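Asks: Residues per chain are reported as follows:
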Amino acid sequence: MAENQPFPRPNWITIRPRLLPISWRLDRRTPAILGVLFIALAISLVMSVSYGEYNIAPLDVVRAVFGVETNDPNHILVVRSFRLPRILLSLLIGASLGASGAIMQGITRNDLADPGILGINTGAGVVVVAYVTFAAFPVNSLIPWLAFAGALATSALIYGLSWKAGSSTLRLILIGVGVASLGGAAISFLITRMQIDRAQQAYVWLTGSVYGSTWEEVQLMLTWLVVLLPITFLSARQLNTMGLGDELTIGLGLRLEVQRFVLIALSSALAAITVTVAGTIGFIGFVAPHIARRLVGPSHEGLLITTTVVGGLLMVISDLLARWVIAPSELPIGVTTAIIGAPYFAYLLYQRGR
Amino acid sequence: MESGLKAAGISLAYDQNTIIENLSTSIKSGQITALVGPNGCGKSTLLRGLARLLRPKNGEVLLDGKAIQTIPTKELAKQVGVLPQAPVAPEGLTVYELVAQGRYPHQGFFQQWTAEDEEVCREAIAITNTIELADRPLDTLSGGQRQRAWIAMSLAQKTPILLLDEPTTYLDIGFQLEVMELIEKLNQERQMTILLVLHDLNQAARYSDRMIVLESGQIVADGRPVDVLTAELVANVFQVQSNILIDPDNGAPVCLPFATVKQADEKSKKLIIENGNVKEMV
Chain D
0 MAENQPFPRP
10 NWITIRPRLL
20 PISWRLDRRT
30 PAILGVLFIA
40 LAISLVMSVS
50 YGEYNIAPLD
60 VVRAVFGVET
70 NDPNHILVVR
80 SFRLPRILLS
90 LLIGASLGAS
100 GAIMQGITRN
110 DLADPGILGI
120 NTGAGVVVVA
130 YVTFAAFPVN
140 SLIPWLAFAG
150 ALATSALIYG
160 LSWKAGSSTL
170 RLILIGVGVA
180 SLGGAAISFL
190 ITRMQIDRAQ
200 QAYVWLTGSV
210 YGSTWEEVQL
220 MLTWLVVLLP
230 ITFLSARQLN
240 TMGLGDELTI
250 GLGLRLEVQR
260 FVLIALSSAL
270 AAITVTVAGT
280 IGFIGFVAPH
290 IARRLVGPSH
300 EGLLITTTVV
310 GGLLMVISDL
320 LARWVIAPSE
330 LPIGVTTAII
340 GAPYFAYLLY
350 QRGR
Chain V
0 MESGLKAAGI
10 SLAYDQNTII
20 ENLSTSIKSG
30 QITALVGPNG
40 CGKSTLLRGL
50 ARLLRPKNGE
60 VLLDGKAIQT
70 IPTKELAKQV
80 GVLPQAPVAP
90 EGLTVYELVA
100 QGRYPHQGFF
110 QQWTAEDEEV
120 CREAIAITNT
130 IELADRPLDT
140 LSGGQRQRAW
150 IAMSLAQKTP
160 ILLLDEPTTY
170 LDIGFQLEVM
180 ELIEKLNQER
190 QMTILLVLHD
200 LNQAARYSDR
210 MIVLESGQIV
220 ADGRPVDVLT
230 AELVANVFQV
240 QSNILIDPDN
250 GAPVCLPFAT
260 VKQADEKSKK
270 LIIENGNVKE
280 MV
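Going down the list, the protein sequences come from chains D and V.
Per numbering that gives the first Met the number 0, the first sequence runs over residues 0 to 353.
Per numbering that gives the first Met the number 0, the second sequence runs over residues 0 to 281.
I should point out that these hints are in silico values taken from the structure, not numbers from a laboratory.
Where hints are given, some of them may not hold.
[Claimed, not checked] Within a straight-line C-alpha distance of at most 20 Å, the following computed DMTMM-like cross-link-like pairs (lysine to aspartate or glutamate) qualify:
#1 K27/V to E188/V
#2 K56/V to E256/D
#3 K27/V to E59/V
#4 K163/D to D14/V
#5 K73/V to D71/D
#6 K77/V to E246/D
#7 K77/V to E122/V
[Unchecked claim] Going by beta-carbon spacing under 7 Å, a handful of chain D positions derived as facing chain V:
#8 P9
#9 S22
#10 W23
#11 S180
#12 A184
#13 A185
#14 N239
#15 T240
#16 G242
#17 I249
#18 G250
#19 G252
#20 R254
#21 S298
Values in this document were obtained by computation on a predicted structure and should not be read as measured data.
Glycine is no exception: its CB is placed at the ideal position from the N, C-alpha and C atoms.
Extracted from the complex, chain V is given alone in its bound form:
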C-alpha cells in the first residue's frame, strides 16, 4: 500500500477558472516539502486541493492509496491537518480554548474533554512555547504569538501530516524564523510530514527537504533545494537575475536577487521553458 498524500492527475479550478491542470505529485512521509512559485502560480490552490478544501474537477487526491473523498471526514481529520492562511478566531477566545478545539475529530458527544485531550493540548502548548499565553485571548496577541497558537491548535489535532498555507506571511523576520524553527522541530522530534506554501525562497531552501516549484499551475522543478534553487530557475520562474550562494553554516543554497530580467532576454528564457523542462537544464 502506498503511504502518504498523493495527487493523481488533479485539475483544480475556481468556477470556470482552471488554476491547475492534470498535476501529479506525492508528498513523501517524514519530510518537509515546500511549495514555492510566483504569485498566482497555484501553490495555495494545490495545497487547498491536497487538504480537501477544494474538490478536484478531475483526478484524485489519495491518502495511503485511498481516495480522500471515500474516507470519513473525521477519520481524515485525524490524518491530515490543515492551517489556512491568516485564520480568524472569535473575539475573546483564549489560546487554550483554541488549542482545545483542535481535538474535535477525536471527540464524541460523551467524551468531549478526556484526560488524553488535556494531555495532548498541554503538549501542543508546551512545544509551541505558548504556556504563558495560554489564558490570553487571541486578539490580544502579536502576529507571531498568534501564529504559534494556531499551530498549537493544529498539533492538538495530532495528525501525522500537516499542511500549512504561508505560515510566515505577515510576520516580521524574527517571528518568521521562530515559526520555521518550530516546524523543523515538529518534523525532527515528531516525524511529522509537513507541506507548506512559502513565499521566501531562502526560507524554503533552508528548512525544507524538498522544494516543489510551480509556475502557471505546472510543476517546473522538484527536488532537493541545492538542486532546485539555481540562477536559471529563478530567472525563468520569477523573472529575476540572481546569484546563488551556499550558506557556509548549513549548506543550503541562498538566492541573492540583483535585477529583474530585461525584456530582451526574457524572450530567450521563455524559449528555454517551452523547448524543454527546467529539470533538464539544472
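If we strip away everything but chain D, and leave its shape as in the complex, we get:
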C-alpha cells in the first residue's frame, strides 16, 4: 500500500451522516451548478411572466404571484390565470423531457438518442391523430390517456421488435428510427383524411404548443412528475452501471433486461405525459442532458437532477422566445425548441467529425 502517496481529492462530495445509516456521493460541482440554475430559472420565470401583451414590472409579477395587490387591478388575473399556467406547464414539460432524454441516452449509451428520435412522441401522435380523425365527437379529456397509451405501445413495439435473444441498444435505435418514419407517414396520411378544422387543430398539437394551457394541465403534469421523477433519480446507479456496457452491467450484478425494460417504460412515460399536454416537442430531451453533462459530468447522481432543471429552463426560455419573436403573434413552442435544438445537433455532429 502506498500510504505515502497523496490520494487525490475525489470529484464528489460524500454524504455520510454519523447518526443515520445512509451514505451517498454526489458530483462536487452539482450543488453550485444547481444553485446557479435555480437562480437563472427564477429570473427567466419572472421575466417570462412579466413579458406579454402588456408588460408587468418584475416586482409586480412577484407580488401578483403571491396574491399581493399591485396598483393595477388586472395584474393578479393576468398573471395567475393567463400567464402562470402556461409558463409553469412549459417548465414541467421541459423537466419531464430532460429526464426522459437522460434516461434514453443512458440506456442506449448514445448521446444523440432522445424519446423523439426513438419514435415515442410519434407513437403518441399517431394514436391521437387517429382518434381525432375517426371519432365522431373527440373527447378532449380522453386525449391525454390515448397519447400516453400510444407512446407506451410504440416503445413496447420498438422494444419487442429489437428483441433477438435479448435486447440490444443498437437494434433499439435503428428500429426506433424506422418506426418513427413509419409513424410520421401515418400521421401525414391521417391528416389528409381529416376535416379541415380538425386537421389544423391536430397540426398545432403535433408541432407542440402550450397555447391556452390550464391549471388542470399543470396539475396533471405535476401529479405524474411527483411519481416519476423520484423513480428517475433513484435509477442513477443503475444508469451509471449500464454506461459501462452490457457485459459489465451483468458482471456487476444488475438484471440487465429487467432494468432496461423498467427504464424504457419510465422514459416513455415521462415523454408521453408531455405529449398529452403540449403535443410533440422536439430537441429538449436531447439537448438538456448534453448541457447537463457538460456542467456536472457523466455520473447520473448529479446528472439526472441537473438535466431536469436544465430542461425546465430551456422550455421556459423557448416559450418566452415563442411569444416574443413574432409578437404580437406567436410561434408554436415546438418551433422555437427546434430553432434552438437543430443548430446544437449540427454543432455536435461537426465537433465529432473532427
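Starting from the structure of chain D, add chain V where the hints point.
Replies: Chain V in isolation, oriented as in the chain D frame:
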C-alpha cells in the same frame, strides 16, 4: 461441496452457430488459469459462458456446486468478477469514479458510499498503481493506464474469482508485462482465482499455473505450462513449427516459432489429432 467455478457439459452458441459443444472443465481456486488457442477456437466464448454473459444451450455452469442461474445476480457479482475485452467508459468519467462503480453489488439504496466502499476502492487504486491517475478522465489515459484502471474497478468488486478477456491485447510490450505482473501479484497477495484469455503463448506459459488449449471448441490440452506447451501441440493447434526452450530465469517454456507447417505434413498432423488426443502425445 465443490468449490470454485465449473463447466459441466456446456454447449455455447451464438444464434444457430454452435461454438462449444459439451465441454467440461473446472477452474481451480487460487490458481491463474490461461485459456489459449487460435482465433475462433472459442476461448473468449468459453470465458463468456463461465462469466454468465452467454447462457449455455445445454449443460450448466456451477459455482461452488450451485448452478449460476439459481444464484441472485448481485450475490454472484460478489463472487465472480468479469472484465470484457476493450470495455468503454462514458466520456469524462474519472478513474476514481470508474473504480467506485465496481462497488455496485455491495451497495443498496441507502448505503451507496460507505467507509468500507471508500477503503476498498482506495486499496484497488493503490495496488493497480493508479493513484496519480485517480482524478483524470479515462479518455485522457494511455492504453496501459486505462487497462489498470479497469482492473482496479474489477478489484473494487472484491470477488475471489476474476475472469479477464484478453487483458493485454492492444497494449505494447511494456504495458503487457505491467498488466501480467499485476495479475500475478493479485493471485499471490490476495489469493485471487484468475481465469484469463491470452493470445501470447509465452505470456500464458510464464504467468499461469495452468494452461487450457482450445481448438474448434474442444479442449485439446490442459495442464502445467511445461507439460502443455510442446512443439507438437504448437504444430497441431497453431500450424506453426517451433522450438520450445526453457527460460533459465523461471523455468517456463518459451515457444520460438520459425515456420508455418507445410501443406504436406499438415495432413499427417491432422491424423494425429483425429486418432488420439494431444494429451497422450505429450
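Asks: Look at each hint and say if it fits the structure.
Replies: Hint-by-hint comparison with the structure:
Proposed proximity of K27/V and E188/V is supported: the alpha carbons are some 17 Å apart, at most 20 Å. Between K56/V and E256/D, the direct Cα distance comes to roughly 19 Å. Compliance with the 20 Å bound is thereby established for this hinted pair. As the CA atoms of K27/V and E59/V are separated by approximately 17 Å, the hinted pair is consistent with the 20 Å bound. Taking the CA atoms of K163/D and D14/V, the gap is near 9 Å; set against the 20 Å cutoff, the hint holds.
Of the supplied pair hints, the one linking K73/V and D71/D is violated, its CA atoms being roughly 63 Å apart against a limit of 20 Å. Restraint check for K77/V and E246/D: the C-alpha separation of about 15 Å stays at or below 20 Å, so the hint holds. Our distance criterion of 20 Å between C-alpha atoms is met by K77/V and E122/V, whose separation comes to about 17 Å. Checking P9/D against chain V: minimum C-beta separation of about 5 Å stays under 7 Å; hint holds.
A hinted interface residue such as S22/D counts as satisfied when its beta carbon comes closer than 7 Å to some beta carbon of chain V; here the least separation is about 5 Å, so the hint holds. Interface restraint check: W23/D against chain V, minimum CB-CB distance 5 Å, threshold 7 Å, status holds. For S180/D, the interface hint is violated, since its Cβ never comes within 7 Å of a Cβ in chain V; the closest pair sits about 28 Å apart. At a threshold of 7 Å, the smallest CB-CB gap from A184/D to chain V is about 32 Å, leaving the interface hint violated.
Taken as an interface hint, A185/D does not check out: its beta carbon lies about 32 Å from the nearest beta carbon of chain V, beyond 7 Å. The interface hint given for N239/D is met, as the beta carbon of that residue sits about 6 Å from the closest beta carbon of chain V, less than 7 Å. Annotation: interface hint on T240/D holds; nearest CB of chain V at approximately 5 Å, less than 7 Å. Below 7 Å, beta-carbon pairs count as interface contacts, and G242/D has one with chain V at about 4 Å; its hint therefore holds.
Hint on I249/D holds. Least Cβ distance to chain V is approximately 6 Å, under the 7 Å limit. At a threshold of 7 Å, the smallest CB-CB gap from G250/D to chain V is about 4 Å, leaving the interface hint in force. With a cut of 7 Å, the hint placing G252/D at the interface with chain V holds, because the nearest CB-to-CB distance is about 3 Å. Taken as an interface hint, R254/D checks out: its beta carbon lies about 5 Å from the nearest beta carbon of chain V, inside 7 Å.
With a least beta-carbon distance of about 6 Å to chain V, the hint placing S298/D at the interface is held under the 7 Å criterion.
When held up to the earlier numbered hints, the structure conflicts with 5, 11, 12 and 13 and fits the remainder.
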